[in-house]
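We have chain A; now place chain B onto it with these hints.
Here's the letter readout for the chains.
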Amino acid sequence: MKTLDVSVVTPDGPVLEDSFEMISCKAENGELGVLPGHIPMVAPLTISSVRLKLENDTKTLAVNGGFLEVRPEKVTILAQSAEDPNEIDVQRAKEAKTRAERRLESKQDDIDFQRAELALKRAVNRLDVAR
Amino acid sequence: MKSLSSLRDIKKRIDSTSKTKQITKAMEMVSASKMNRAEENAKSFVPYSEKIQEVVASIANSNMDAAHPMLEKRDVKKTGYFVITSDRGLAGAYNSGVLKKIYETIQKRHQSTDEYTIIVVGRVGYEFFQKRGMPVSKSILGMADQPNFNDIKELASETVQMFIDEEIDELTIYFNHYVSAISQVVTSKQLLPLTNMDENANAGTSQYEYEPNQEQILKVLLPQYAESLIYGALLDGKASEHAARMTAMRNATDNANELIDDLTLSYNRARQAAITQEINEIIGGVAALE
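Same order as they appear, the protein sequences are chains A and B. Residues in the first sequence are numbered from 1 upward in steps of one, following the UniProt record's numbering. Residues in the second sequence are numbered from 1 upward in steps of one, following the UniProt record's numbering.
Same shape as in the complex, but just chain A (with noise of 0.2 Å):
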């Protein structure tokens, strides 16, 4: 089976340096599978799951404001922050959710209840990888 080096990249340094089969996200416009041979693209991530596919194996990361730079051989995945599920804290993310939800329940002004709704977006994500 052929594959395609994947390389995921944060702010905070390399994440992920590893050859896969199959790369599935979610992308502002809909779910996106990458094979080997794709087409150069560019597309923005939302706050989800990135699933890398290698035989059986499946492992999954928790990305949040990143994008994917798409070359035939090569994948990057550009991101704010990338977590593996053994490096999520729920017990941290699961604050972080009442959190949010408390504030989006208080009206508030726009910004905040955007601020808001994106901590629980990022929070739900990452209670749902690590499970």
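Bear in mind the hints are in silico, worked out from the structure with no lab data behind them. Keep in mind it's a predicted model, so treat the numbers as computed, not measured. Watch out, some of these pointers could steer you wrong.
[As the list claims (entries may be wrong)] Listed next, the in silico DSSO-like pairs over lysine-lysine satisfying Cα-Cα at most 27 Å (straight line):
1. B/Lys219 / A/Lys121
2. B/Lys51 / B/Lys153
3. B/Lys131 / A/Lys59
4. A/Lys59 / A/Lys26
5. B/Lys12 / B/Lys43
6. B/Lys100 / B/Lys131
7. B/Lys78 / B/Lys43
8. A/Lys26 / B/Lys153
9. B/Lys219 / A/Lys74
10. A/Lys74 / B/Lys51
11. A/Lys94 / B/Lys153
12. B/Lys43 / A/Lys97
13. A/Lys26 / B/Lys219
14. A/Lys26 / B/Lys51
15. A/Lys74 / B/Lys43
16. A/Lys121 / B/Lys153
17. A/Lys53 / B/Lys51
18. A/Lys121 / A/Lys97
19. B/Lys51 / A/Lys121
20. B/Lys51 / A/Lys2
This is chain B only, laid out in the frame that chain A set:
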């Protein structure tokens, strides 16, 4: 009797100077290790910044109808200054250099405080501007010694948002650029609007498909890019801070050594003088008895 008390004074000064020396020596070593880590942090940020720059440049150059407010120059009604300083002193000219430069620039360019606003990292800078009645719109105090992206993210995105909301029309960042452990240079760089994209164009420009389209991508990408530039400057500034503090502390230790040498010399002289005087007194006493 007088010589004895001066002897004691000198002894006291030697003791206190060597205590100070121990402290500065320890601070030098702490700063050296912090500097190494900060340097590593700055290095691990490089792949991200290079890649994002490459993609942004290739989009910005591939097609000019992909316009975005962050790429366009507009009339400057208000300028934003982003200043990176430290929270603590004892770092030599680290803070004074950057603050002096920005103070002079502002004095030269602006007549009234309505024409600019300041975003500042670090207590030293914050207090400097407060004292002079200059407008500080945002600040972070108590930044970690080894900051990660999360520590600055909020401030960075709020700053970029100020530009998008046309609260400010340009943004310049002032920080100490880390050249080496012994050399840091005060640097100013225009961050927004992003006008210098062309220079970086040849960095492996490749043609991409854009999903969904270029404008959408620029909308996501450019703020991230600007935030990453701010983060990069912060890492650079932190490495400089530790390096500057290390150098300052090394100088302080050297000075303490010199002072101790001088004091030891005068201590020995005074001691010798006291002994000589005592002998003279004894001889004088014996001579008087004969």
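Outcome of the hint check:
With a C-alpha separation of about 20 Å, the suggested pair B/Lys219 and A/Lys121 falls inside the 27 Å cut-off, and the hint holds. Between B/Lys51 and B/Lys153 the CA atoms are separated by roughly 19 Å; this keeps the pair inside 27 Å, and the hint holds. In summary, the hint linking B/Lys131 to A/Lys59 is not supported, as the alpha carbons are separated by about 54 Å, beyond the 27 Å threshold. In summary, the hint linking A/Lys59 to A/Lys26 is supported, as the alpha carbons are separated by about 15 Å, within the 27 Å threshold.
Distance check on the hinted pair: B/Lys12 and B/Lys43 sit about 47 Å apart at the alpha-carbon level, beyond 27 Å; violated. Note on B/Lys100 and B/Lys131: the hinted pairing holds, with a Cα-Cα distance of about 14 Å set against a maximum of 27 Å. Taken as a hint, the B/Lys78 and B/Lys43 pair is broken in the structure, with Cα atoms around 34 Å apart against an allowance of 27 Å. Restraint check: the Cα-Cα separation between A/Lys26 and B/Lys153 comes to about 23 Å, which is no more than 27 Å; the hinted pair holds.
With a C-alpha separation of about 24 Å, the suggested pairing of B/Lys219 with A/Lys74 holds against the 27 Å cut-off. The straight-line distance between the Cα atoms of A/Lys74 and B/Lys51 is roughly 13 Å, inside the 27 Å bound, and the hint therefore holds. Of the supplied pair hints, the one linking A/Lys94 and B/Lys153 holds, its CA atoms being roughly 21 Å apart against a limit of 27 Å. Our distance criterion of 27 Å between C-alpha atoms is broken by B/Lys43 and A/Lys97, whose separation comes to about 33 Å.
Proximity of A/Lys26 to B/Lys219 is assessed by CA-CA distance (about 18 Å); at most 27 Å being required, the pair is judged to hold. Restraint check: the Cα-Cα separation between A/Lys26 and B/Lys51 comes to about 21 Å, which is no more than 27 Å; the hinted pair holds. Among the hinted pairs, A/Lys74 with B/Lys43 is consistent with the structure: their alpha-carbon atoms are about 22 Å apart, no more than 27 Å. The hinted pair formed by A/Lys121 and B/Lys153 meets the criterion: a straight-line CA distance of about 17 Å does not exceed 27 Å.
At roughly 24 Å between alpha-carbon atoms, A/Lys53 and B/Lys51 fall within 27 Å of each other, so this suggested pair holds. Pair hint A/Lys121 plus A/Lys97 holds up; C-alpha atoms about 8 Å apart against a cutoff of 27 Å. Between B/Lys51 and A/Lys121 the alpha-carbon distance is near 26 Å, which keeps this suggested pair within the 27 Å criterion. Of the supplied pair hints, the one linking B/Lys51 and A/Lys2 holds, its CA atoms being roughly 25 Å apart against a limit of 27 Å.
Hint violations for this structure: numbers 3, 5, 7 and 12, all remaining hints satisfied.
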